[in-house]
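Here the protein sequences line up with chains A and B, keeping their order. Residues 1 to 390 in the working numbering are what the first sequence spells out, letter by letter. Residues 1 to 436 in the working numbering are what the second sequence spells out, letter by letter.
Because the hints were derived from the structure by calculation, they are not lab data. Computed from a predicted structure; not experimentally measured.
Within a straight-line C-alpha distance of at most 30 Å, the following computed DSSO-like cross-link-like pairs (lysine-lysine) qualify:
id, chain 1, residue 1, chain 2, residue 2
1, B, K22, B, K296
2, B, K296, B, K413
3, B, K413, A, K70
4, B, K87, A, K313
5, A, K362, A, K257
6, A, K313, B, K106
7, A, K313, B, K176
8, A, K195, A, K362
9, A, K349, B, K87
10, A, K349, B, K176
11, A, K385, A, K195
12, A, K362, B, K87
13, A, K124, A, K31
14, A, K349, B, K106
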Amino acid sequence: MSTPPLAELVARAEALYLDYRLGAVREWKRKTGGLAIGYMPIYVPRELLHAQGVLPVGVMGGREDLEIIKGDAYYQSYICHIPRSTIELGLNGSLDPLDGMLFPAICDVIRNLSGMWQSLFPDKLAHYLDLPQDFDPELGGRFYRHDLERLSASLVERGARPLTSEALARSIELYNAERREVRALYELRRTQPWKLPTHELYLFLRAALVLPVEESTELFRQYRQAVLDDPGRKPLDQARVVLTGSFCEQPPLGLIKTLERAGCSIVDDDFVQVLRFIRSDIPVGDDPLGALVHAFLTDAMASPTRYVDRGRKGAELVQRVRACGAEGLLFCAPSFCDPALLDQPMLVKAVEAEGIAWTAFKYAENSGQFQVIREQAGTFADSIKLWSNA
Amino acid sequence: MSGPAPTPTPEASKDSSQLRQKEMIARHFDRLAAAPETGEKTAYTFVPGNLSELLLSFDVLPVLPEINSLQSAMRGRSADYISLAEKLGHSEDVCTYVKSDIGMLKSGNIGPTGQRLPNPDLLLLSYTGCFTFMKWFELLAQEYQAPVTMLQVPYQADGRITDDMRRYVVDQLRRKVIPTLEQVTGRAYDEDRLRECLALSAQAEDDLVAVLRAARHRPSPIDAYFGAVYYVGPIFSSFRGTRAAVDYYRALREEIEQRMAHGLGPVTPEGEMGAERFRIVVEGPPNWTSFRQFWKMFSDEGAVCVASTYAKVGGMYDLGFRHDPQRPLESLAEYCLGCYTNLSLPTRIDLIVRYLEEYEADGFLINSVKSCNSFSAGQLHILREVEARSGRPGGFIESDLVDPRYFSAANIKNRLESYFQMLQQKSRNPNPVAAS
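All chains should be built: construct the whole structure from the sequences, respecting the hints.
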């Protein structure tokens, strides 16, 4: 199969990223007549929805170009931005093609948003996905499995087909394939970051959120092939950094570009984690639902939204920095983000113990001015290039 | 040059139940301070979803970090503690209870009675109704060598407790929490002892509910927000399941019933309150740094809080829940699941509307605190929905739990006065459209 030109692929990804009104989802529904269910960031088991013929659709809030007219009236100034843009998109009709929303247990703001959704959109499904913080299969695992069965039953009530083991096994394989493609892209960026600027990769991550998995996997494959085939991309003398903290409310694209222009080559990040939250292929076995649960319990990324008792806090972040040969770490969290900002002192402690250079700043998804961050990131990158031992 | 001598703040008026409670709390902190010598075991844990009876059955003394933070605020210490935590890298955006606690810990861990708090033998994370609790104990786990055990309490997203939720909590109690307590204390789990404690809890809960329901009377003999902070103190903290709590709540109930019989209103820190002009339901925690000043803004206007959601963060007893010695672990699970901040927004809206009707309130006020997203996220939606459903006016003010930088007295007073003026106008002319 021939690969479309890189510029064409990027243009398609960007169009999908920019389309608040979810044209691709509307088109999919028109063709299939299926249900589309939105989900908030970090992690939901998309395989289960897919197995029931439902299109999972990632909802990541807004950008700087979304005028918040109604959403601000629902939130005080000291609450992060993503719930107000999500409410705005719900109230202005952008999310009309969605038959419901899943609210994974991220924090109290998203938790309470699930209740607002029940109230504001009573005809739509609003499911709070109470992800377990106990990772014992007999405790948290059993509770989580029951929650997934309840979700599955709710989807059937709304017209989805019943869940079968065969269908779920097929869906898991399809998402395994997508995870492999995403891992391959991240690996390519790790080894040849100039081939894969993050502001471009990011468009594909976002585009995948509104596509059926079969299409997103193919889009990722084509993108990787296109960048490998592109002879024009040459190595740059930039500081290799890991970016952490941007797992829920996403930074504006302009901020990612700013960091790159300031001399930071992002070689690992927390963006759009749903695509990588389960780190490996999920072995299907005889009990696909059990496999899905087991993967969440045992093979999920370390996240500020997951409980860590002692000893291991920050260990995975240190390991990520080491594994990708990064020279520094950017704490890049949204303002008023409880999980990221409460975690940060513990992570700082862990990385400082390892002598890893870091800097920190905050953003909102609608930030439009990056001059201060540019100067900070530029100074950080310069300091790494000038004085780092790496 | 020396200025005029500062006017001393007059001693706050206290009724006899408050004095009794003060003694109980002082004794508890004495035991905590002496724990390193006496060998009594201590567990740090949280108010919502606390397992007081289970701890008591193992003779473990609870230490409640959020109570320490609010006490630090009332003693004027929290600003320094928060400042210290922020210097240590804690964000200005996050919960000030956490920062006050961290600052207190880094300043020698001196508790509200001026005595040093013991290091914990156990960090018992009751993860109920507040995401920040989890992060808070991850932070504390880095400071202490004590084991950590976590009890995840599922969120009542659909407004009900399911069998799966109850079973999940009970199974965690059986398989994680109780074995850890056995390990820490060297004692075997004694279910009979737990049942005895639960039976005492239920007695105290009956009397607390009678006290809170006294606010249905006109005039209300209690303030169910500011005053209730004192009333719920023992049962929300270290005394649920004790004989001392039973005696306290019996005495408190008698005291309140006497006030009611004599047609008296609440006792405020400034003394007996004047005539009751407005009956208010309040949503959200109080501000602790200016607690007395905040209360005075209400009492000066003759505004009595007849019901509050804050008084339910440690248990929804007024809706009928009682600890049940016949079902010890199931009952503890239902208690944890039922705390106010573990309820969905639609359930919270229903509750406030119900309070407005049952307590014949003139309106409701939301004190939205910057620190607590569990309470605050969605409160503007609650405001709209409750107004629409009840037809009664809502007011909205903003402050913080323990950070004095976020208590703007003039602004809050101004808003409250405007709100009470509106209530006054509405009472004179309840149906302006028809009148015109």
